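Place chain B on chain A using the hints.
Number of protein chains: 2
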Amino acid sequence: MIQIDFQNVLRESIGQRNGLDKRFFESYLKKRQPLVKKVLDSAQKPGYAFLDLPKDLKTVQEIEYVVEQEQKRKWQNIVVLGIGGSALGGIALQEALLGTYSNLNHSPRLFFVDNVDPDYVNSIFSLIDFRKTLFIVVSKSGGTTEPMALFSIAKEMLIRVEPKYYADHLIFVTDLHSGLLLKIAEKENIRVLGIPSKVGGRFSVLTAAALLPAALAGINIQKLMVGAKKMLETIQKTEDVKNPALLLACLQQLMDTKKGKPMVVMMPYKNQLFRIADWYRQLLAESIGKNPKTGPTPINALGTTDQHSQLQLYNAGPDDKWFIFMEAIKPGVDQKLGNVLPKEIGFLNGKSLDQVLKASLQGTVGSLTKNGRPNINLKLDRVDEEAVGGLFMMFEFQVALLGLMYKVDAFDQPGVEQSKIITKKILSGKN
Amino acid sequence: MIQIDFQNVLRESIGQRNGLDKRFFESYLKKRQPLVKKVLDSAQKPGYAFLDLPKDLKTVQEIEYVVEQEQKRKWQNIVVLGIGGSALGGIALQEALLGTYSNLNHSPRLFFVDNVDPDYVNSIFSLIDFRKTLFIVVSKSGGTTEPMALFSIAKEMLIRVEPKYYADHLIFVTDLHSGLLLKIAEKENIRVLGIPSKVGGRFSVLTAAALLPAALAGINIQKLMVGAKKMLETIQKTEDVKNPALLLACLQQLMDTKKGKPMVVMMPYKNQLFRIADWYRQLLAESIGKNPKTGPTPINALGTTDQHSQLQLYNAGPDDKWFIFMEAIKPGVDQKLGNVLPKEIGFLNGKSLDQVLKASLQGTVGSLTKNGRPNINLKLDRVDEEAVGGLFMMFEFQVALLGLMYKVDAFDQPGVEQSKIITKKILSGKN
Chain A
1 MIQIDFQNVL
11 RESIGQRNGL
21 DKRFFESYLK
31 KRQPLVKKVL
41 DSAQKPGYAF
51 LDLPKDLKTV
61 QEIEYVVEQE
71 QKRKWQNIVV
81 LGIGGSALGG
91 IALQEALLGT
101 YSNLNHSPRL
111 FFVDNVDPDY
121 VNSIFSLIDF
131 RKTLFIVVSK
141 SGGTTEPMAL
151 FSIAKEMLIR
161 VEPKYYADHL
171 IFVTDLHSGL
181 LLKIAEKENI
191 RVLGIPSKVG
201 GRFSVLTAAA
211 LLPAALAGIN
221 IQKLMVGAKK
231 MLETIQKTED
241 VKNPALLLAC
251 LQQLMDTKKG
261 KPMVVMMPYK
271 NQLFRIADWY
281 RQLLAESIGK
291 NPKTGPTPIN
301 ALGTTDQHSQ
311 LQLYNAGPDD
321 KWFIFMEAIK
331 PGVDQKLGNV
341 LPKEIGFLNG
351 KSLDQVLKAS
361 LQGTVGSLTK
371 NGRPNINLKL
381 DRVDEEAVGG
391 LFMMFEFQVA
401 LLGLMYKVDA
411 FDQPGVEQSK
421 IITKKILSGK
431 N
Chain B
1 MIQIDFQNVL
11 RESIGQRNGL
21 DKRFFESYLK
31 KRQPLVKKVL
41 DSAQKPGYAF
51 LDLPKDLKTV
61 QEIEYVVEQE
71 QKRKWQNIVV
81 LGIGGSALGG
91 IALQEALLGT
101 YSNLNHSPRL
111 FFVDNVDPDY
121 VNSIFSLIDF
131 RKTLFIVVSK
141 SGGTTEPMAL
151 FSIAKEMLIR
161 VEPKYYADHL
171 IFVTDLHSGL
181 LLKIAEKENI
191 RVLGIPSKVG
201 GRFSVLTAAA
211 LLPAALAGIN
221 IQKLMVGAKK
231 MLETIQKTED
241 VKNPALLLAC
251 LQQLMDTKKG
261 KPMVVMMPYK
271 NQLFRIADWY
281 RQLLAESIGK
291 NPKTGPTPIN
301 ALGTTDQHSQ
311 LQLYNAGPDD
321 KWFIFMEAIK
331 PGVDQKLGNV
341 LPKEIGFLNG
351 KSLDQVLKAS
361 LQGTVGSLTK
371 NGRPNINLKL
381 DRVDEEAVGG
391 LFMMFEFQVA
401 LLGLMYKVDA
411 FDQPGVEQSK
421 IITKKILSGK
431 N
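Here the protein sequences come in this chain order: A and B.
Residue 31 in the working numbering sits at position 31 of the first sequence, with consecutive numbering throughout.
Residue 86 in the working numbering sits at position 86 of the second sequence, with consecutive numbering throughout.
If you're looking for bench data, these hints aren't it; they were derived computationally from the structure.
What you were told as hints is all true, and nothing was included just to trick you.
You can't tell identical chains apart in this list, so a pair holds if it fits in one copy or across any two.
Lysine to any residue pairs mimicking SDA-like chemistry, simulated, CA-CA at most 25 angstroms apart:
| id | residue 1 | residue 2 |
| --- | --- | --- |
| 1 | Lys370 | Lys420 |
| 2 | Lys259 | Asp319 |
| 3 | Lys132 | Asn105 |
| 4 | Lys330 | Ser126 |
| 5 | Lys351 | Gly143 |
No experiment lies behind these values; they were computed from the predicted model shown.
Excised from the complex, chain A in its bound form:
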């Protein structure tokens, strides 16, 4: 389970200026409790359908069937062509559950190509043997420029090495009701897995978009779904500060609108959780960044690393941020330091790396708290499938609540259209 320590947003910890009065905060949550039910009752509406994903065991079975078939083919590489919500969830899963350097010792290797920079694309494509590579093209709408451009290149290279069987190297993940990928798949006999029409791209981590690459790389997606399901039950059953999604939503709104904190820094003290913060960055920014008065700016940082990069600003600079820390109570492995260090730094001797990490987190939390800067700490028991599945659901629910609180549509993104139109005009020679 995930525990949230929110002591350091209260007046008794951080003082009048930024601190919340405990009774005010409790009544603020109580008043917004009905919004939880409102979100839960909306599962049939476009956007909100991410709520039904943990129940959808058919999709998990379908993915596992595909994975079983593909494992027999002993792919060396799984390469995902996707961008934004079609990549961030899968990347977060890979880093959280396979570790930071999994492509150096894990088979099959899993690459996400989420840009059209030719040097970057070449740095991956020149590494892989196309005959031993499975490509997954992910696009909810089916026509996103970047994955389509990448598909075009991958297809040509596949045809060169496997003229008859190139389609066997491809799986599409897209909306089953419409879109270009669907059309291409039918024509060229390429396999397709679906993203439910009512689930938005940035809410699609628990669909085939991220689950298929994750499962192909060996991640237990059933446990991930169990974690999401348990989190949903917790959100359904609990009230007030015990409801993690409601707690996080109210804090975000209060810090942004009442305490003058337009920025929220998500700073896990765990490398494996860093890309979850990156996934969250899209979720919050695209869902709530809707008009000049509405849109907190999410910022990612990593502890302890960014203590030596951003903490000076966080502690001493403008008081315009609040902080979400994350930690895993139990590490996967730990390493004990010997007694080799001289007395000036002898306090490290005999400690374990995890002790140093945790003490550093306490140092950061302590200093921010002394400076009156609001911060909370999300404590995972350990980084495993269930915890990660729970995190995804918790944050998605938080953001759905924020949509209602801020009175914006959390599921559209009209602000990127203008850019797409200009780009298309230039490439069509109509500029």
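Chain B in isolation, oriented as in the chain A frame:
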């Protein structure tokens, strides 16, 4: 050379609200021109000594001599133990000049261990054969907690496999005048390269801190220094808007203090430049984030990737950011798309990936400009040693100027002390 297109900060492009009047801007720069000389004249003062580094060919020769010796030993891995300024410069160099996935096809592999998270450390240490690994411990002060903890573990493992010769697997990079690393080196006969006392950690990218790992991995550090030197000459010789450091400093200050933009988004349209934006994040935040009224918040993004994550917020959300784009006019390689895509997206057929990338940048710039959001574009001819060396010097000079403009000490970081004291107390059992 680096060209800066700043058209889209002017009124004629983005309108009254955020736009600068051209004549006002020119006279604003002219008034601050003397600050350039003031910085140049300070090269002997603590902090400012980074200005002298491009002239210091002795250090480059010393590093190249070490590299020559080490290359004979055919290391499989170079592992840098360092954090903050002792890692970010080296990481930026690796990604910019060796590419994103160099550890998958480049020898020796180069790892930066910049955290004490035990699972993360294990993900690297379990990959490498310690007998074939050279460790570089980097700490300007010589006593930073994280690298010392990591050194303690690496040393024990080295002693296990090379009891007599473990010291041959270690090089320290530190201030030659004081510090714990120096003491340990003398006692244990470990080689040491210096970081000049008057160069701060976050300004140390052109010292052995980053140059030694870079050179060991095959990067031409002489050319890097040539790039920095040429940039310094440009800054010395040119005035007003032609002076890139002065231009960037004035823009940063005006956007922050006169146009209500506390956030600056650095968004290269080039994967190789992404970690330079990360390096810049420390440089700006730690140098200028000094008091509640002073400290712009740097934010990193990547094009086109983050168009699908942050552009919605940037275009439609609160008007509290300004934008620095970066691009390389000429890519290292490019790939042409075939004619395989259906007509709905046929505008991609026959284009190259770089054309798509550039058109996407124009789309983003165009949409932000239409929405009145100030943005500039730094155009590198290509991503090579000279250009990258120039970027480092340009940004360091900008930040030195900003220190004078904001009237803060750009070279200290008192705001991280409190956190260190708490951490040490906890680990010493004195809490």
